[in-house]
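Given chain B, put chains G and V in place with the hints provided.
Chains as they are written, first to last, in our numbering: chain B, 1 to 326; chain G, 1001 to 1337; chain V, 2001 to 2517.
Hints listed in this document are in silico derivations from the structure and should not be mistaken for laboratory results.
As the structure is a computational prediction, the values presented were derived from the model and not from experiment.
Even for Gly, the Cβ is constructed at its ideal location relative to N, Cα and C.
Some clues are possibly wrong.
Only some residues are given here: those of chain G computed to face chain V with a beta carbon under 8 angstroms [claimed, not checked]:
hint, residue
1, R1016
2, A1123
3, I1221
4, S1251
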Amino acid sequence: MKALFRHRELQLVAVILVMVGLIALRFPTFVAPASLGNVFNDTSILIILALGQMTVILTKCVDLSTAATLALCGMVAAMLNNLYPDLPVLLLVLVAILTGALLGAINGLMVWRLDMPPIVVTLGTMTIYRGIIFLISGGKWINAHEMTDSFKAVPRADIAGIPVLSWLALLVIAVMAVGLRRLRTGRAFYAVGGNPHAAVYTGIDVGYTRFLSFVISGALSGLAGYLWIARYAVAYVDIALGFELDVVAACVIGGVSIAGGIGTVYGAVLGALFLGTIKNALPVINISPFWQLAISGSVIILAVAFNARAERRKGRVILKKAEVSA
Amino acid sequence: MSAPSTRGETRLVPDRLQGRAERLLKSWEALLLAVAIAIFALNVWSSPYFLDPWNLSDATFNFTEKGLIAFALALVIVSGEIDLSVAAILALSSTLMGLAMSHGAGTPEIVAIGLLTGLACGAINGMLVSGLGLPSIVVTIGTMSLFRGIAFIILGDKAFTGYPVDFAWFGQGYVWWVFSFELLLFVVAAILFAVLLHATSFGRMVYAIGNNAVAAQFSGIRVERVKFLLFLLSGLMSGLAAVCLTSRLGSTRPSIATGWELEAVTMAVLGGINILGGSGRIGGVVLAALIMGMVTFGFGLLNVPGIVMSIFVGLLLILVIALPKLIGRLGRAKRKA
Amino acid sequence: MTHLSFPASSPGPAADMPADRPVIRLAGIAKTFPGVRALGGVELSLHAGSVTALIGENGAGKSTLVKILTGIYQPDEGHIEMDGAPVRFPTTMDAARAGVTAIHQETVLFDELSVAENIFLGHQPRNRFGLIDWARMNADARALLDRIGARMDPAMRLRDLGIANRHLVAIARALSIDARVVIMDEPTAALSHKEIGELYDLVERLKAEGKAILFISHKFDEIFRIADRYTVFRDGEMVGAGLLAETSQNDLVRLMVGRDVGQVFPKVAADIGEPVLTVAGYCHPTEFEDIGFELRRGEILGFYGLIGAGRSEVMQALFGVTRPSKGAVRIDGEVAVIRTPAEAVARGIVYVPEDRGRQGAITAMPIVSNVTLPSLSRTSRRGFIRMAEEFALARDYTARLDLRAAALDQPVGTLSGGNQQKVVIAKWLATRPKVIILDEPTKGIDIGSKAAVHAFMSELAGQGLSVIMVSSEIPEIMGMSDRVIVMREGRIAGRFDREGLTPEMLVRAAAGIGEAA
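Just chain B, same shape as in the assembly (with noise of 0.2 angstroms):
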């Protein structure tokens, strides 16, 4: 049992468990299954964003930029749709994807060849791509009748009962997943993040992989630029302020370690899914949504001391006893 319990994931499914069952105690219709396919729904795009700064958060780096990239890549997703109502919307998601695999490939490009921090180069790169989202749209909204009704449909589309939305990041879930466990790239994450100075000896480009995580955290967040946009049926410079807090917390709650090398797609899932219940909880129990911010400031810092008392390095053990306890 003891052992069962020091599974970072389990303990996150208790406390998710116990966080919904206190909840249902009090409002049973918080755990009806529509409900809680609600707060998946809900929460899907921290799920998709979360799984992309995990990737650059286990090469040893962090992409702030994550919601300004969101926002840029949905308003050029809304602007072309406005401009152009008959281009099909599948192109306009891929334009998405790919403006953001190129936000990302910007981050990246300056992580790999220049050397720089990664938190200068997006926290500098957060404003800039915000400040670029009022120069095309010149500070303007683009609303819901602005927008096709097939552009904001795809994401509330049902699909065996469930929403595309729901769909998409349970794929993403899945394709990272495989790509993270199976994929020598996907190790090589670990690897770098892990011991830099070994990855090198183990013939690995540190840099180009961070360049890679970049890129696939770029591409999520097109993704989920989108699917903002869409689902919320509007468009302008702000959206989304501050979102790539709540996406480093949903990483760090899922016990991806801040230093790298370790962390699991299902914990980030985990980690976001924490924090989609307690905003989806709050209006339930009555309680004033300017909490939330000041709930996840201190879900996160316990979650990081949690982290850190994981991760404690042992030394080199050196007492033959002492390693068969270990």
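The following block gives chains G and V in isolation, referenced to the frame of chain B:
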């Protein structure tokens, strides 16, 4: 015991390699000074209103409060850590000052609460980072949400207004002619921080820790204590900035000073503080504050919207770090050819 | 396991070649780092089915050569030939593809990944969809580990392994690549007696398979036992090569050090006084157990042992870096509780760490700031630094150590290894300590600086300072110590006086070989 002495002939190693003048001329600060002068000239040329003493005095408010934060943040960064919660501390300080005011506190109490809140927030950051050994970047992202979150819980979408009349002096008062109290505070803080970082043994320890925390610890420096004090200092300066900003605006909203952490980091990095720790000087941060203040003010005179200004800040942040690397690379390539 | 390197049936390409033609040949290889010339005009040939021992003191350029052979460093001059054709290894992958694999001295592995992944990272077996085949990877890893006699679960996380097992994982990793050239950089340093025996068997098998093996070692008995040829490096140059059958241990030592061994150590008989430091029942949960010794005034106490025997760990606990779980430390008879390095320095214990770049010197800072760092309270008044006093202090102590530098405001990183070490020692002497602990004080520094450090150490002891010297070099231990303590697997394995001490006694104690063996 007396230290061992020894060899017959002692070879003395000279103290310094290059003269002071030469080092100054080649420094990052010299480059910044040139840029500052160029921007000043550009402003004079592009707007006839710029040179007016009162306009210039107004311009200083663009950097005084941020500068106060940036000085302390610079020390935190030199030590190899970062504090992204500075703007949130400012917001929480301001909110608690407003709360105190709404309960009838007078100006001295309000100011004390502002400063104490800053200290308390800094102490929390410091304990989490140096006490528990957590990475400062995540900790301060967390406390950034927490501190501002508390401000939101207290204020929601409302605002505190109606501060006492004499409280307004901190942000709106003038010491002499066009020289405001805030400008005086900025100058005094600049001098104090420069002395602290460059002339005291505490400052030397900060550099040592930023360059190599392990070797610093192995040299008998109490690394954790120094880091704790730095976060405390950063909190205090954010509290001080909160007093100034709240006084100047005359109101508090929970969204006060949103995004200032980015501007403060940019100010420090533009000023030559190495984001990875270990090097940089306060003089550079002062010049960077002047430059950013003048650019903001110049853009304002030209009616450029604020968000374009933030693009400029973002670009500046990246270019400041990228350019030296690019130039270094070109230089090496040329030498090889 | 067809992708693995040892198809026992296939003779390998090397078998068809004339025996005297090298598989790989290095010609005129030179490599310079800022401030140091690591290699100059080095020649080396490796032959199929033959073990070549590479011999040289620490800092002679052996590890640099390994890094050039495996594509981690690029040579400044010279070229590499395989089967007579020039080749280049721009990356480690290129070297691996050409069939060069290495067991590096520092185990470069990944704590958070499993044993199997550490072995196969970068060339994991994949199924036809290009996905990693974990089941096969674990099975292959188990087969490889069995082959080298290592019993561990391939699915275990590396961080849960001890140092010897990590080393075995590193060996398994090197063998997982289909190689023609196998480089072993001190592969037995951290292994137990039994594991070493299994490694020798493995080397014999690789030899029989026609691999060209480069074997780097400091242990002469080992070299004469398994190697066929030798190449000796000194100060980054090749000073001799040939067949081991045609040489003797003494000849090799003379080539290695370039002078007679007896003259190297300027140990002067010191007046040994009352005990300064007494340690009793000192324990740590995972690193060492029941350590007890006494250090007297004017004494040099040597600590010998294999890498990972726990010597540095004991010293770092004494210095307050890590916390012991039990035990008493007395300084001048008084019980001393030391929880931080700052407390250790205040008590008069100072530590010159082995890892100079990470723990010893702050390389980006000037010499003067490094030297005065622990003495800031002496060079400042009310917290304000007095520059003149700083420079005076630094000038004084660097001059005593005969530091070679252009100026005192020069960053320590621009100095050679030996001079960096002098700065670290100067830093501690300036605090006027009672006990100085030197952890591998001459590792990676040139012979000239080495001699200077030894001379100085002797002089310090002569003036009443107590010295603990941790060293893995037998000549240094034998030449400098008044008494020697040998550690093995976290415990004290032997105590010896200078009189009548032989290298064999040290080696036996360190390896845990009984008198009968």
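So, going through the hints one by one against the coordinates:
1. R1016: Constraint on R1016 (chain G) satisfied, holds at 5 angstroms.
2. A1123: violated, 21 angstroms
3. I1221: With a closest approach of 7 angstroms, the I1221 (chain G) hint holds.
4. S1251: violated, 40 angstroms
Violated hints for the displayed structure, listed by number in ascending order: 2, 4.
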